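One line per chain: the protein sequences are D and Z, in this order.
Numbering-wise (the working numbering), the first sequence opens with residue 151 and increments by one.
Numbering-wise (the working numbering), the second sequence opens with residue 151 and increments by one.
Possibly wrong hints are sitting among the right ones.
For identical chains, the list gives no copy identity; a pair is met inside one copy or between any two copies.
What the hints assert, rightly or not - Within a straight-line C-alpha distance of at most 25 Å, the following computed PhoX-like cross-link-like pairs (lysine-lysine) qualify:
| no. | residue 1 | residue 2 |
| --- | --- | --- |
| 1 | Lys408 | Lys155 |
| 2 | Lys321 | Lys609 |
| 3 | Lys564 | Lys226 |
| 4 | Lys552 | Lys408 |
| 5 | Lys181 | Lys440 |
| 6 | Lys486 | Lys321 |
| 7 | Lys155 | Lys518 |
| 8 | Lys253 | Lys181 |
| 9 | Lys179 | Lys440 |
| 10 | Lys183 | Lys253 |
| 11 | Lys440 | Lys155 |
If you are wondering where the hints come from, they were derived from the structure by calculation, not from laboratory data.
It should be emphasised that the depicted structure is a prediction, and the values quoted were computed from it without experimental measurement.
Protein chains: 2
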Amino acid sequence: MPEQKINVNQNILAMEYAVRGPIPQRAAKLKDKGKEVIFCNIGNPQALGQAPITYYRQVVSLLEEPAKIARERQLKNLFEENPYSDLHESDFIPEDVLALSEKVLAKTGKGLGAYTESKGYRFVREAVADFINRRDGFDSASGLKADPEAIFLTDGASDGAKRVLNLLIAKETDGVMIPIPQYPLYSATIRAFGGTQVNYYPDEENDWALTREALESAYNAAIEQDTDVKVIVVINPGNPTGAILDGNSINEVIAFAKEHSLAIIADEVYQENIYGGEFISFAKALGDEKNVPLFSLHSISKGFYGECGHRGGYLEVRNPPMIAGSELNFIDLLLKQASVSLCANTVGQIITYLMVSPPEESNTARQKFIKEKEKVLGNLYEKATMVRAAFEKMDGVEVFGKTGAMYLFPRLNKLPAGTTDFDYCMALLEETGLCTVNGSGFGQASGTHHLRIAFLPSKEQLEEVLPKWIEFHNRYVNRDG
Amino acid sequence: MPEQKINVNQNILAMEYAVRGPIPQRAAKLKDKGKEVIFCNIGNPQALGQAPITYYRQVVSLLEEPAKIARERQLKNLFEENPYSDLHESDFIPEDVLALSEKVLAKTGKGLGAYTESKGYRFVREAVADFINRRDGFDSASGLKADPEAIFLTDGASDGAKRVLNLLIAKETDGVMIPIPQYPLYSATIRAFGGTQVNYYPDEENDWALTREALESAYNAAIEQDTDVKVIVVINPGNPTGAILDGNSINEVIAFAKEHSLAIIADEVYQENIYGGEFISFAKALGDEKNVPLFSLHSISKGFYGECGHRGGYLEVRNPPMIAGSELNFIDLLLKQASVSLCANTVGQIITYLMVSPPEESNTARQKFIKEKEKVLGNLYEKATMVRAAFEKMDGVEVFGKTGAMYLFPRLNKLPAGTTDFDYCMALLEETGLCTVNGSGFGQASGTHHLRIAFLPSKEQLEEVLPKWIEFHNRYVNRDG
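Turn these sequences into a full structure, and let the hints steer you where they fit.
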C-alpha cells in the first residue's frame, strides 16, 4: 500500500448509508461465525425465500437460450406420444409463454447480448407507457398519455434517482427536499453530488400525512440559509415508514411545488405493496398541470416480484423543463447522460417489460400468475399483521400509517436514558439474530427513536423470533426500572 | 412543458460522447427511413450477428429457471428410451453444464433474484482472483496473488471507470491523464465529475507506443497550469486505435506514475482481442512495486463473448492508497460507494464468472467452447485483414499498430481542404450506409484526421460495402483535383 495518503472526493467520504451500515455489517460477521441471523435490514424478498414469478423467469430463461423455444415444442410432442413417462404437462412451458418469448425475442432485434438504445428497448418503453395509461386512466382525449420517448429504462430505481439528482444539482447551494425519515439513497446521493439536503417532516401521528404548513416551513428555513431549493422528493408508499400517502397530501405537494417552481421526484417503487389503502400516482394527481416537472420512478425489485438482483426499473418524465443556456430540454440531457453508460442491463429491461405487461385474460399463464401474485401479497400482509401484533405487546411501541411497502417503522417511546435506537438495534441483533436498521439511519424528528423492519422473513421464522423480540424489548426498556 | 428554464449541472451539459453522437444518430434516422445501415460505430458484436458462447447462455438460462436442471435430466432419460424421436443428443444440455449450473446456483445462495453483497458475489470475486493469478503467473511465493476483497463486480467496465474517477476527482484542478485519441467515456466522465482532462500523445507512427518523453511533456504542461495530476488512464489494447501496447511502453507508464505519485487506471477490456501481438497486463508489469496504485478494468462485453447487453465486468485494485483525513483506504471507500447502488446485476456477475472460468479439460462442454471461441477470434482477424486491405486501395490512408481490440483507426492524410473527418464520415454514411465515428470524436493530434471502424459486420457485408467505400473515398479525397 503506498505510504502517501491521497485526497478524494469529500462528498463521498462524508456520505452515509445505514441500510448497509454498521448493524448489517455486524450481522454479516455474526452469520459468518455461525449465528442464525434474520436479515430484515433491506427489502430483498428472494433472499428470504420469496419465490420468483414463474412466467417472468420462463420468458427470461428462453430469451437467454432461444433454441430452447423450438425444442420445448418438440419435447411436448414427444411427451404426448409417451404418456407413461414421469413427466406431467405442468413440467412444460405453456405455448402462450413460448409464443410470448418468441415475440419478445423478435422485438429485441438480436437478443439479450447486444447493447440497446441508450433509453432502453423502445418496445419496453411503449409497454411502460401503456401501463401508466391503464393505471392512471389516461387516454388520447385527456392529452395525458405517457410518451415512450420520455421514459428511460434504468438499472433499478436507485439508478433513476441518481440520474435526475446528478443533473439537477448544479452547485453546492442547490437544495433537494426530502422527507424525514427517508430512504438513505437520497441523503447519500445529495451528499455525493455536493448539493444541500433540505428536510421536511411528515406528520407521524397523522398517518405520516404531508401538510402544506410542514412543507412551507422547511422551504422557508432553507431559503433563509440561501439554499436554492429545486426539487422535492416524495416516497409513496413510504420507505422507511411503509405509510401510504392520501390524496390530500399528494395534492398539497403538487400545489407547493407549483408555487415555488420546484420539480417533483416521485419514488413509487412500492406501488403494488398496498395492504388496505389506495395508491394514487403523482402522474394521475398532476393531471393536466403543465408547470410542474415530474420524475416518477418504478422498479422490478419490489411489488410481488422482488427481482432485486436483476436491477431493472424505469424513470418517466412529465413536463420536462428547458435547460438554461441551451436549446435542450431535460429529456435531451437525460439522453446524453444515459448514452455514456450505453444502456441498462437487458434482463432488467425484459423483466420491466413483464412487470408492466401482465398476461392477458386469454393467456393460459394468467391463472398461475394471479395465484402467485396473490399469494405473495397475502403473505406480506399477514406478516405485517403479525409484526404489528407483536408491537402491541412491547412497552411504549407505537406504529403509524396504513401498511404499505415492505416495512414497519415503529416508534420506540421508552428507551432507557442514554441509549439510542442504534444501541437498541445492535442489542436486538446480538440477542435474537434479528437484523433491523436504527431510525437514525433514515433521519427522524429530533427526540424520537425508531427502527425499520422489513416484514419479509417466513411466517415460521417470525413465529419463532417475535416472542424473543418481545421478551428482549420489555427487558431492555425496563432495565432501569 | 414549464416555461421557466432551469439551471443544471454544467459539467453534464458540456459533456460529449461521439460514439452515440450526431453520426450514429443520423444513421438511426436513415435506418428508420428504410436505408440499409451497417453500424460500425460501436463495439456491439452480437448486434451484428456474432453468436453468444453456447455454454454461457445455457448456464444463465438454467439459473433463471432452476427447475429446468432436474427436468433436463428427466428429459434425457426419456429421450434415451425413445431413440426414434426427432431429437438428437446435441439437443440436450451436457451433464457437465447441468452440474456446473447446480454448483453455481448453490453458491448464489437464493438465486439471481436477490441483491448480492455490494462488491458482488464472493465466489465470483474468488474466481476473478484465480483468473488473474493464472493469467499473470502469480502464486503464493510471489506474494502477488489477487485478493477477492480488492475486486468489485460492476455493470460493465464503464461503471468501474466511473466509480474510480468519481472518487479520485476531488476538485476542479484534479487532473486525469488520458491518451489522445481515447475512448470518450473518459473525457465525458472527467467532464461530468468536474475534473481536468490532461492529454498525452502516443506515437502513432511508432505503433502508438508510449514514450517517457511524451508522458513527461504532458505532465509538465499540466503542472504549469496548476493542475494537480492524480491518475493516468491507459487503454490496452487501444480504443479507438486498436493498437497493442508493448512491454516498454507499459514499463514507462509505471516508472512515470511512480515518479509523480500517480495512480494508474488500466482499461484492459480487449485483453482477449489480440491478433498477433502479446497482451501484458499492468498487474503483471507492476510486479512487486508497492507504491503505484493500480485500478484494472475488465468486461464481458468484448473478447470473444461480446455480452454487451448483460452489463458485467470487474475492477481490481492493487496498492490501494490511504485516504487523507480518514482511517480508510481506497477499497473501503469504493465499498461505501458501491453499497449505495446495492449491487451490480446478477446475470452480469454470473457471465463474469463464466468468462474467468473457462470449462476445464475434463468438461464435455470444453470442445464446443474452444471451437466457438476460435471461430469468433479467427473471424475478427480475417475481417480486420479485409478492412486493412481496403485501406491500401484508398488514397492517402495509413493505419498503424498491431491489430487488437475490435477497431481500426486509419489516418486520412488527404482530405480536401476545408473538410473534416466529421464531414467525411457523414458523407460516407449517406452514400454507403457505413456508420463509423470521426477521429475528432476521440481526440487526435492537431492537424490529423482519422475515423474509427469496428470490424464487426459479417464478411459478406464487408465484401459488399468495402468496394463502395474505396470508390467513395477516392472520389471524395480527389474531388478538388
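Structure-based check of all given hints:
1. Lys408 x Lys155: between (47 Å within a copy, 14 Å between copies)
2. Lys321 x Lys609: Answer is neither; intra-copy 48 Å and inter-copy 51 Å both fail.
3. Lys564 x Lys226: For Lys564 and Lys226, neither the intra-copy (63 Å) nor the inter-copy (63 Å) Cα distance is at most 25 Å.
4. Lys552 x Lys408: Answer is neither: 28 Å inside a copy and 60 Å across each miss the 25 Å cutoff.
5. Lys181 x Lys440: Answer is neither; intra-copy 52 Å and inter-copy 34 Å both fail.
6. Lys486 x Lys321: For Lys486 and Lys321, the Cα distance is within 25 Å both inside one copy (20 Å) and across copies (23 Å).
7. Lys155 x Lys518: neither (58 Å within a copy, 49 Å between copies)
8. Lys253 x Lys181: between (45 Å within a copy, 21 Å between copies)
9. Lys179 x Lys440: neither (51 Å within a copy, 30 Å between copies)
10. Lys183 x Lys253: Classified as between; 23 Å across copies, 49 Å inside a copy.
11. Lys440 x Lys155: For Lys440 and Lys155, only the inter-copy Cα distance (14 Å) is at most 25 Å; the intra-copy one is 51 Å.
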